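Colleague: If you want the building blocks of each chain, they are given just below.
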Amino acid sequence: MATNTDQPGTMYDLSSVLDVEPLQAVRPGSSILITGPAMTGKQGLAYDILADGVSENQGAIIVSTGDRAETVIDEFAGRVGSDEFDLGVIDCAGDQQTTAPNTDINAFTHHVGSPGDLTGIGIGITEALEALHGRGADRGRLALSSLSTMLTYTDRKTVFKFCHVLSSRLEAAEYLGLFTIDASAHDEQTLQVIKQAFDGMIEIRETDGQREARVRGLTSEPSEWVEL
Amino acid sequence: MSGSEPPVVLIVEDEPDVAETYNLWLQDEYEVRMAESGSEALEMLDESVDVVLLDRMMPGLSGDEVLERIRGGESNCRVAMVTAVEPDFDILEMGFDSYLTKPIRSDELHETVSNLLERSTYDGLLQEYYSLVEKQATLEATKSHAELAESDEYQQLSARVDDLNDELSETLGGVEDDEDFIATLRELSNGDEH
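These protein sequence lines are chains H and D, in that order. Quick note on my numbering: the first sequence kicks off at 1 and runs consecutively. Quick note on my numbering: the second sequence kicks off at 229 and runs consecutively.
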């Protein structure tokens, strides 16, 4: 851990992933909603932010409602560019253990029967935090992809409360939380309600084949749109 | 919990001496009721009970069976299981909110009961917070920015949403430790089923 100079309370700098002013210093314990239409790279952006943290010896936790743990680990390793990282994966995509985990990568994995099993997800996150802490990662970033899938398993009231409780837990752990939602899959009111559970959001849009993002809520004014 | 009435604790314990000891410790702060068996506990359980202190090893209905029936019923009470051996982590998945290992000390008992009551307060605040956020979203979806700026109802609602958010941050019942965190999440799922 010689290269890890982070002290508790140190701000998270995400600007190397998305170069906008509000992301230069994000308060530990913040939870950010990543919103945009389908297929615009919301999960990819969340993974990139986690991979950036890993390069600074921070922990990474991925809660996946769609991809199996093996896929998540492979994809994440590709983004980090090495097999050396502290990763916890909570796989909610099905209750069956699939193939043996990739032995090259020392990731903690926890399987949950369904994206609607909030208690199971919570237990997985708790154990992942403990496992990463045991490996020396006192801070880190958590990505949950996606809330849209969770909303098909349980109602928005429960998802809202889950986000709120999980955000509080991440705040206590001084982690950064990133949660993706497919803005095209829900009505405006549902999005409006879910947004309230977060400190800020990253909006993604696509115009003429070009993806752009901006940040709202973390500072008094929204950032400019920047290319992704 | 309502008004200035003391919270109600139901002690379920088949050994009278042990039950009486818990009663002596708690009776100054809480309204204490005592049941000598699991079936008696189920008869005595009503809306007014806030916390159940449940002995796991009892003749007749066991603590586990009583817990299952409580969770299957209407009551939203919090249950602390009293066990003879230290349970492992997986026991959180069994559906109780906290556990105590015998022999219990007075300070442990007080801490557990007040922690469970704080958790209930947190759940209540979170429920209220959600209701207000939903109302706010409805107004935002149906009115223009100009109308919202003019609306006293909307301004008051927004102020209350902010206040409640602060109150929630101060009420650590939801996340104080891993046990609280998991129990709070389980409560969300339970609430969903009813």
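No wet-lab data here; the hints were simulated from the structure. Each hint should be verified, as a subset may be incorrect.
List of simulated lysine to aspartate or glutamate pairs, EDC-like, C-alpha gap at most 16 Å [as the list claims (entries may be wrong)]: (1) H/Lys157 <-> H/Glu188; (2) D/Lys363 <-> D/Glu381; (3) D/Lys330 <-> D/Glu381; (4) D/Lys371 <-> D/Glu381; (5) H/Lys195 <-> D/Glu275; (6) D/Lys371 <-> H/Asp182; (7) H/Lys195 <-> H/Glu206; (8) D/Lys363 <-> H/Glu188; (9) D/Lys330 <-> D/Asp245; (10) H/Lys195 <-> D/Glu381; (11) D/Lys330 <-> D/Asp242; (12) H/Lys157 <-> D/Glu362; (13) H/Lys195 <-> D/Asp242; (14) H/Lys157 <-> H/Asp187; (15) H/Lys157 <-> D/Glu356; (16) D/Lys363 <-> D/Asp405.
Calculated Cβ distances over 10 Å to all of chain H for the following chain D residues [what the hints assert, rightly or not]: (17) Glu233; (18) Asp292; (19) Arg297; (20) Lys371.
Sample of chain D residues facing chain H (criterion: CB under 8 Å; computed from the structure) [what the hints assert, rightly or not]: (21) Glu296; (22) Arg299; (23) Val361; (24) Leu376; (25) Leu385; (26) Val403; (27) Phe409; (28) Leu413; (29) Ser417.
Remember, predicted model here, so these are calculated numbers, not experimental data. The C-beta atom is built at its ideal place from N, Cα and C for all residues, glycine as well.
Colleague: Indicate, hint by hint, whether the structure satisfies it.
Modeller: Tested hints:
no.: 1; hint: H/Lys157 <-> H/Glu188; in the structure: 15 Å, holds
no.: 2; hint: D/Lys363 <-> D/Glu381; in the structure: 10 Å, holds
no.: 3; hint: D/Lys330 <-> D/Glu381; in the structure: 53 Å, violated
no.: 4; hint: D/Lys371 <-> D/Glu381; in the structure: 12 Å, holds
no.: 5; hint: H/Lys195 <-> D/Glu275; in the structure: 34 Å, violated
no.: 6; hint: D/Lys371 <-> H/Asp182; in the structure: 24 Å, violated
no.: 7; hint: H/Lys195 <-> H/Glu206; in the structure: 21 Å, violated
no.: 8; hint: D/Lys363 <-> H/Glu188; in the structure: 13 Å, holds
no.: 9; hint: D/Lys330 <-> D/Asp245; in the structure: 14 Å, holds
no.: 10; hint: H/Lys195 <-> D/Glu381; in the structure: 21 Å, violated
no.: 11; hint: D/Lys330 <-> D/Asp242; in the structure: 14 Å, holds
no.: 12; hint: H/Lys157 <-> D/Glu362; in the structure: 9 Å, holds
no.: 13; hint: H/Lys195 <-> D/Asp242; in the structure: 50 Å, violated
no.: 14; hint: H/Lys157 <-> H/Asp187; in the structure: 14 Å, holds
no.: 15; hint: H/Lys157 <-> D/Glu356; in the structure: 11 Å, holds
no.: 16; hint: D/Lys363 <-> D/Asp405; in the structure: 31 Å, violated
no.: 17; hint: Glu233; in the structure: 27 Å, holds
no.: 18; hint: Asp292; in the structure: 17 Å, holds
no.: 19; hint: Arg297; in the structure: 20 Å, holds
no.: 20; hint: Lys371; in the structure: 12 Å, holds
no.: 21; hint: Glu296; in the structure: 16 Å, violated
no.: 22; hint: Arg299; in the structure: 12 Å, violated
no.: 23; hint: Val361; in the structure: 5 Å, holds
no.: 24; hint: Leu376; in the structure: 12 Å, violated
no.: 25; hint: Leu385; in the structure: 12 Å, violated
no.: 26; hint: Val403; in the structure: 4 Å, holds
no.: 27; hint: Phe409; in the structure: 5 Å, holds
no.: 28; hint: Leu413; in the structure: 4 Å, holds
no.: 29; hint: Ser417; in the structure: 5 Å, holds
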